[in-house]
Amino acid sequence: MNQDSLLILEDTFKKYYFDNFDLLHVPNDSHEREFAYKKFNSKLYRHIALKSDKELHLLLMTQVPSDVYCSNARYSFPTLSMNAKDWQNADLIFDIDSKDLQLQCRNSHTCIKCLDCNAFSTSNSKCHKCNSHRFKVIVLLCKYCIAAAKKEAKKLCILLINNLGINKQNIFVYFSGNDGFHIHVNDSQYQLLGSRERADIVDYITLRDGSTINNNNRPEIKNSTKLKYNQTRIGVVSNNTEIKNTSSVIKTNVKTVEKNTQYVIKSIIDPNVTTDIHRIFRLPGSINSKSGMSKVLCKNLNLFDPLYDACFIDDCPTQILASCPIRFRLKDKKFGPFENERITVPKYVAIYMICKGLAEISQL
Amino acid sequence: MLNLGTDEIIKYPFLAEAKAYLKDKGFTLEQFVNDPDHKFIIDIAYDRIKYAANGEIYPSIYKNNINKSSLLPREIFSFIIAVVLLKMSHANILIKKFALSEARRAEKYLEKDLEAKIDIHSDNIREQLEYKVNQQELAIKIIKELFSVDIHKNHDDHFIITVPDYLRHAIHFHELEWKLVNRYVHHGFVFLTPHETVRLLRRKIDQYISSRIHSVEVTSIKHSLQNYINNIIVMAQKFVVPASTSTEYPPCIKHALDVLKNGKNLSHSGRFLLATFLLGHNKSITEIVSLFKNAPDYNERTTLYQINHLAGLSGSRTKYNCPSCQKIKIHNLCFATSECNNITNPFQFKSNNEPR
Ligand SMILES: [Zn+2]
Ligand SMILES: [Zn+2]
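Protein chains in written order, with my numbering: chain W, 1 to 364; chain Z, 1 to 356.
Heads up, a few of these hints could be off.
[Claimed, not checked] From the derived model, a few chain Z residues whose C-beta atoms are all more than 10 Å from chain W:
# : residue
1 : Phe27
2 : Ala116
3 : Val185
4 : His187
5 : Gln207
6 : Arg212
7 : Val289
8 : Leu304
9 : Gly312
[As the list claims (entries may be wrong)] Between beta-carbon pairs, the in silico distance windows are:
#  : chain 1 : residue 1 : chain 2 : residue 2 : range
10 : Z       : Glu177    : W       : Lys54     : 50 to 58 Å
11 : Z       : Val216    : W       : Asp86     : 33 to 41 Å
12 : W       : Asn28     : Z       : Arg126    : 36 to 44 Å
[Unchecked claim] Among the chain W residues that face chain Z by a calculated CB cut under 7 Å, a handful are:
#  : residue
13 : Asn163
14 : Leu164
15 : Gly165
16 : Asp187
17 : Tyr190
18 : Leu193
19 : Glu197
20 : Asp203
21 : Asn217
22 : Val249
23 : Lys333
No lab work stands behind these hints: they were computed from the structure. Cβ coordinates follow ideal geometry from the N, Cα and C atoms, glycine included.
Work out the full structure, taking the sequences as your base and the hints as a guide.
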């Protein structure tokens, strides 16, 4: 990245943070959380304490971070080294990433940038120019991938409410800022669970190793499909998502799970994220430097559109030098392909392309 | 605290406040054991230990409608005196076996009480039902008070337990049937049969009974018990196997042997590893069986049967091979050192002392 590109990113991020303090908050229990941030072209600064929104805003203004993170865990001593932090509990977090969904459209919006000769190729195995296998994969925003990720997020929420008994009010769905969703669960019962217990929850949700499923204990699987359940994702949503109390669960008869109701039985999540109880996650409201879009709470997941709801950069005309072997669409405008072309685009497109490594600021 | 009836104390004698009971009767423990009228109770205590040493469960006699008021002191004191005898003998291996045997016994009763099965052919169904429901409630209460686990009875004879509570206990099992994905889960609860409910809590039950036994304070009691103690010391000696740790063994095998030597519980996969490894090194079956004598749940017949099976001398007649290092790692039984030299099976291990 050249100096001018770096400057425009820093300027843009700083302006975003200054204009949007109301979107950026530390959690209520911030004194128990570990914060971290990265600056453009720098290492990760970890084990940081931020006790108030004021301290957070000061950090954003003085350091102009490219990315800001906060731990899902609460610690007695969050600023000490990992072994000395004294883990207390951690929110249960799920990551749904479009790349795990393996949709057919994936290739059409993926390209690679060679790390040896800097050439762009549409292939996903090697550089078309020098045959190098060292490359960076660049994936562009795709509405089909986002729609599929949303569907997984919805299924996950139903599993969390219907099966795991988590209260709707404690589930928060965030757009990750790039290619998927983070689902945060603040439920005290699950917060205390360790990594091994969480791994078992992951296997439950992903229906991992379906061959081991004891069908007699899972009548909802037996009833909902005749297809091999480990090969299909069943997306039919039961309407029954209200949380029940103990006395109504007592009345559930396992053997006569209603045959006509279709149940959500699986959602595709990243297993490693949920089992990690010491992880740091992008702070809601902060910009994702992989895209220039923000991690935001999706108040209405059905209507959520990342380009309108997570993109806060203006469309002031900006000149860039662009290289991109594939066509892509942002806010109903088509762009590319470009071959080292000097073009003028709205600023949010310029920032998006610079973040993706597809453009540089070029001044004549 | 729990308010226990006679039935509960007979089933779960470790819950009884033996000291308070004695005081009530105006005895000290010393006076109690020195009273010739009580010799039969000391004999029962000794029997309880023998059952445990053989890996068996002390059978209940309270079914035969004997007068419960005479049964109660007998059951409480045979338990507490067994503990006193064991502690005075310093027979740690037998204490572990005793705790385990009493835990299995408690498990049996808890399961039965949770089931609350009634005999529909009897003529006093109403009374029976009332009694069983009462027992069931008490079992649920015991589980809550002692193991801090809330269970509720469900409509169709299942018990329900919250998912986090379930997971905390289920992760200790290696069998796939305990994985959440193989369970019916609904609105935050896991559904279990009475047997599964009790089985899930096994570790908790073991821990609780051990801690109760460890907390019993034993002040030295005069000679009347000495004969019993001598016998117990002899009994315990059968289980102490001379350490045969060889330097030629890989660290995973040494570890498994150490676990057994200390009278601790070696997991099923650990036993499989040790037995197949030693069989492969031409150790005799009796030699291998004797190594397992220290295991808290040792039962000679079962162990003999299992080792014969692994050796291919019974059952499917396939001889089992020693598992790979990868499998051993999965079961957390690998303690690799630099001496292992990146081998893929403990069988390939060559110690530094050996010429290569
Ligand atoms: Zn190249
Ligand atoms: Zn796509």
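### Query
Honestly, which of those hints from before does the structure not fit?
Violated: hints 3, 4, 12, 16 and 23.
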